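Respectively, the protein sequence lines represent chains V and A.
All letters in the first sequence, in the order written, are residues 1 to 373 by our numbering.
All letters in the second sequence, in the order written, are residues 1 to 339 by our numbering.
Treat each hint with caution, since some may be false.
Just a sample of chain A residues kept apart from chain V, beta carbon distances all over 10 Å, derived [unchecked claim]:
#1 Asp98
#2 Glu107
#3 Glu196
#4 Glu256
#5 Arg280
Using C-beta positions, here's what the derived DEER-type ranges look like [what the hints assert, rightly or not]:
#6 Asn29(V) / Met116(A): 33 to 39 Å
#7 Gly341(V) / Tyr334(A): 45 to 51 Å
#8 Gly46(V) / Met137(A): 34 to 40 Å
#9 Lys288(A) / Lys108(V): 39 to 45 Å
#10 Arg320(A) / Arg128(V): 44 to 50 Å
#11 Glu188(A) / Arg128(V): 50 to 56 Å
#12 Asp224(V) / His135(A): 25 to 31 Å
#13 Lys337(V) / Lys141(A): 54 to 60 Å
#14 Met116(A) / Lys108(V): 52 to 58 Å
#15 Pro308(A) / Asp133(V): 35 to 41 Å
#16 His30(A) / Glu146(V): 44 to 50 Å
Treat the hints as calculated values from the structure; they're not laboratory data.
These numbers come from a predicted model, not from an experiment.
Glycine included, C-beta positions come from ideal geometry on N, C-alpha and C.
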Amino acid sequence: MTAGKKPETGATAARQGGGREAPLIEVQNLVKYFPIHSGILRKHVGDVHAVDDVSFDVARGEVLGLVGESGCGKTTLGRTLIRLLPPTGGAAGIDGEDLFAMKGAELKRVRRRMQIIFQDPVGSLNPRMPISDIIGEGLVAQADKENQWGKRSVRDERVGDYLEFVGLRREYARRYPHEFSGGQRQRIGIARALVLGPEFIVCDEPVSALDVSIQSQILNLLLDLRREFGLTYLFIAHNLSVVQYISDRVAVMYLGKIVELGPVGSLYAGPKHPYSIALVSAVPEPDPRRRAHRIVLKGDVPSPADPPSGCRFRTRCWLREQLDDAEVCATEEPPLKDAGGGHLAACHFTDKISPESTEKAAHHVNLSDAVDD
Amino acid sequence: MAATTPRPALEPMPDSDLLLDVKDLRTYFHVMDGTVKAVDGLNFSIPRGRTLGVVGESGCGKSVTALTIMGLLDIPPAEVASGSMHFDGRDLLAMEEDEWRQLRGSEMAMIFQEPMTSLNPVFRVGDQISESVIHHMDVSKSEAQERAIAALSRVGIAFPERRARQYPHELSGGMRQRVMIAMALACEPKLIIADEPTTALDVTIQAQILELIRETQEETGAALMLITHDLGVVAEMVDEVIVMYAGRVVEHGTAEEVLLDPKHPYSEGLLASIPSRASRGQRLNIIKGAVPNPFNMPGGCNFAPRCPYRFDACDEHDPRLKPLDGRQVACWKYQDVPS
């Protein structure tokens, strides 16, 4: 099923209906730490807990949005999942195959099925390579007798096809990255990800660097390609409106943990975790009649090298403040559990969330309260 | 909180209440490949204490406008080719560099997008704030330090004495932007120009910074020129908005008018291309193509090559801002085409 499959057919066949089939991507208790070394002996003094015990799955053909602020671990999660970074612990699978156990030829073969689109359309394209080589590089690496990608003519044909799929002209293959605008470069990045015929694509902030009018072109393209090739996306972004537009389900991350996970409609309409509530309320909407009742969180995200005990959000939590700094938040880590409305939330006090309590938090904001990190 | 209540309707103001009045401003850059008309005939004014939003995509000239007002352009290659700018009744373009420098920081101040690159990495943040205080106010060094600490505490930074002794790299992004704001406010300017002040920040930090800007504005009565590409931020913050495209204003009206009922095809396209709850499941409305090459602007309306309503006259004649339902729009769709 892995190697010789025609990429164009992708996962389309397995996508009908909303039935409970086996998910394409499964992640269990994924952990990724970055060691901190200090002193002349580079002694190991601690770890940055970038991703800490995260579990979720992605169904075939689904778009799972992953939101959170800078430093929450969303990019690390995406990269660890597709083995661009070595995992510290946990398990991940694609189509039931254990991703983290693979090595050598097996790992190389599975890479065809999982690709990534990067945020920075300038930094992610080598300025000294023509587009044909940038897109063709993966083909060279994955060439075998069957696909004949080692041959320049076969490769160029395929590169040209994929340039057309992303709305560019075949002739552009001879040009260099600096000859393109930001939106066009992002299209090249998408063609590079698609050319190997993957089923699963990690989109890591693919539109954050683009202007609004170009951003909408790229979002439309990503949705068209998903339909055409039966793709499955993990869509990482900090822009909540973009995630709301493109995702089927959304996971909210805070400091290395998923704090809430649910279908996009109910998660945006009725978030159940105090952090998601603040996040959703903070999005400015282009409607001057709705000058939002925001919940403004105090301070900054704590350091992932030394996360707070118990619930990681407790140091900035407005709900805990209303509950007189409940003890349990500091002593026990809340598990991700059913919070009603079809989603999971990791909070000890989801039952204390009500329109009244959020209203109170929105009015309680006092910016003269000093902040500190 | 006062911040969440809707703003009162705009009333016409007598001219003397205008803090900044810009007329027919043209800023050109003369470079090797030719001349870029970055700002090409801009008219707007900001009354005291009010907020003007400037909206547009990269390269539309919104930042150049800010730099021109602040007198921060390198001349040459830049040139203010024509126009007038009056600040508080004084003619900015007639000013000597010294006078302008006196004005900058004390009466008009700027908050930049990237707090990391606009703070000097080798000086303590307290010293960077007190530097401008010493420059503009007749105070001793220790008094300036005290003012710097007070400014830090006013923007909600805990332990301001300790923070004042730290270097920019020791602070988080949100904290650095607070320092920038503290610096801008230290001398209580009459006009604050904020160029994408929250673009580099996360959404919860953005909420903090917007509240802070609004609060300080209420406190000091400063006018604000807010440059942004985020129409959500515009909706939250501004009274009036100008939409810029390729160096020109294409629409100018109140935030309500422009955001709820855009008239210019570009404003309309911009609003329609924002993904949202409402657009889920539908293709996003897109503005086809990309901004024109600045060395080779289309004749006639600059937006014509991307405009869904384009007709022949658009390629030949350049539309002017004309009143339309209370706001101003530069589009032939609403105007009589010259024969």
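How the hints compare with the structure:
1. Asp98: 37 Å, holds
2. Glu107: 25 Å, holds
3. Glu196: 12 Å, holds
4. Glu256: 5 Å, violated
5. Arg280: Violated, because the least Cβ-Cβ distance between arginine 280(A) and chain V comes to about 6 Å, which does not exceed 10 Å.
6. Asn29(V) / Met116(A): 33 to 39 Å: 36 Å, holds
7. Gly341(V) / Tyr334(A): 45 to 51 Å: 46 Å, holds
8. Gly46(V) / Met137(A): 34 to 40 Å: 46 Å, violated
9. Lys288(A) / Lys108(V): 39 to 45 Å: Because 40 Å falls inside the window, the suggested range holds.
10. Arg320(A) / Arg128(V): 44 to 50 Å: 47 Å, holds
11. Glu188(A) / Arg128(V): 50 to 56 Å: 51 Å, holds
12. Asp224(V) / His135(A): 25 to 31 Å: 56 Å, violated
13. Lys337(V) / Lys141(A): 54 to 60 Å: 58 Å, holds
14. Met116(A) / Lys108(V): 52 to 58 Å: At roughly 39 Å between Cβ atoms, lysine 108(V) and methionine 116(A) fall outside 52 to 58 Å, so the hint is violated.
15. Pro308(A) / Asp133(V): 35 to 41 Å: This hint holds: roughly 37 Å between Cβ atoms.
16. His30(A) / Glu146(V): 44 to 50 Å: The hinted range 44 to 50 Å is violated for histidine 30(A) and glutamate 146(V), with Cβ atoms some 58 Å apart.
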